[in-house]
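Asks: Position one of the sequence shown corresponds to residue 1 (my numbering), numbered consecutively onward.
If you're looking for bench data, these hints aren't it; they were derived computationally from the structure.
Nothing here was measured: the structure is a model prediction, and the numbers come from that model.
Check before you lean on any hint, since a few could be wrong.
Unchecked claim - Okay, the calculated beta carbon distance ranges per label pair:
(1) N204 with M158: 15 to 23 angstroms
(2) L40 with R194: 40 to 48 angstroms
(3) G88 with R29: 35 to 43 angstroms
(4) G203 with E58: 38 to 46 angstroms
(5) K85 with N31: 20 to 28 angstroms
(6) K207 with D103: 12 to 20 angstroms
Just so it is clear, CB atoms sit at the ideal spot from N, CA and C, and this is done for glycine as well.
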Amino acid sequence: MKNLIIIGAGGCGREVHQWAKDINEKENRWNIKGFLDDDLDVLEGKKCSIAVLSSIDEYLIEADDEFVCCIGNSNIRKMIMGKLKAKGAVFINLIHPNAVIADSCTLGEGVIIYPYALISDNAVIGDGCIINMYSSVAHDSVLGEYCTISAHCDITGMCTLGERVFMGTTSHVVPGLKIGDDVYICAGSTVMTRVRAGKKVLGNPAKMVSF
Numbered sequence: 001m002k003n004l005i006i007i008g009a010g011g012c013g014r015e016v017h018q019w020a021k022d023i024n025e026k027e028n029r030w031n032i033k034g035f036l037d038d039d040l041d042v043l044e045g046k047k048c049s050i051a052v053l054s055s056i057d058e059y060l061i062e063a064d065d066e067f068v069c070c071i072g073n074s075n076i077r078k079m080i081m082g083k084l085k086a087k088g089a090v091f092i093n094l095i096h097p098n099a100v101i102a103d104s105c106t107l108g109e110g111v112i113i114y115p116y117a118l119i120s121d122n123a124v125i126g127d128g129c130i131i132n133m134y135s136s137v138a139h140d141s142v143l144g145e146y147c148t149i150s151a152h153c154d155i156t157g158m159c160t161l162g163e164r165v166f167m168g169t170t171s172h173v174v175p176g177l178k179i180g181d182d183v184y185i186c187a188g189s190t191v192m193t194r195v196r197a198g199k200k201v202l203g204n205p206a207k208m209v210s211f
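Input sequences plus hints: build the corresponding full structure.
Replies: Below, the structure is given as structure tokens:
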């Protein structure tokens with residue numbers, strides 16, 4: 001049996017711990033070994049059945065370890081995953097049993113998909129993406145690496161999102177749009193036009209705003 005190491009013991013990491021337990025109930029896949037977090041006291045006052053093993057850099061990778069990175073910030077997630085891959089870490093996809101995943105879709109590595117998410121026909125999900133609960137990626141849409149899709153978001157058909165795009169909760173992208181790298185879509189926004197790289201958009205219809 002493989003060991004599962006969860007990177008980040010904040011809200012996302014603790015949620016993913018529960019999803020891993022749900023998966024184990026179906027197929028007993030992992031020994032859930034613990035968290036890696038640079039704040040060794042992050043779990044103080046929290047109910048949690050596993051502990052912080054060490055800081056991220058100090059952990060010594062073992063042969064049976066598998067990793068999942070639960071850092072919400074896309075740039076930091078990319079950096080940490082790259083650093084650990086260089087040390088030999090293996091990142092797995094963690095997909096909740098209640099997610100709906102089309103047979104025709106393509107998933108990268110290190111992808112996290114929450115319960116009740118939908119990945120539809122011929123969608124492509126890049127490495128290190130996190131797709132939260134009740135969010136959907138419709139047919140023929142492409143997500144670049146390390147995108148973060150919050151809960152209750154809709155990426156409709158034939159959209160292309162660049163790398164490290166953030167979608168706040170209940171935001172939407174209408175069909176066929178292209179969204180550039182490092183775009184930040186604020187919660188509740190509906191994106192109806194193309195968004196250039198590095199921009200932040202807010203509203204319905206979404207318009208560019210300053211950071």
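Asks: What hint numbers does the structure not satisfy?
Replies: 3, 6
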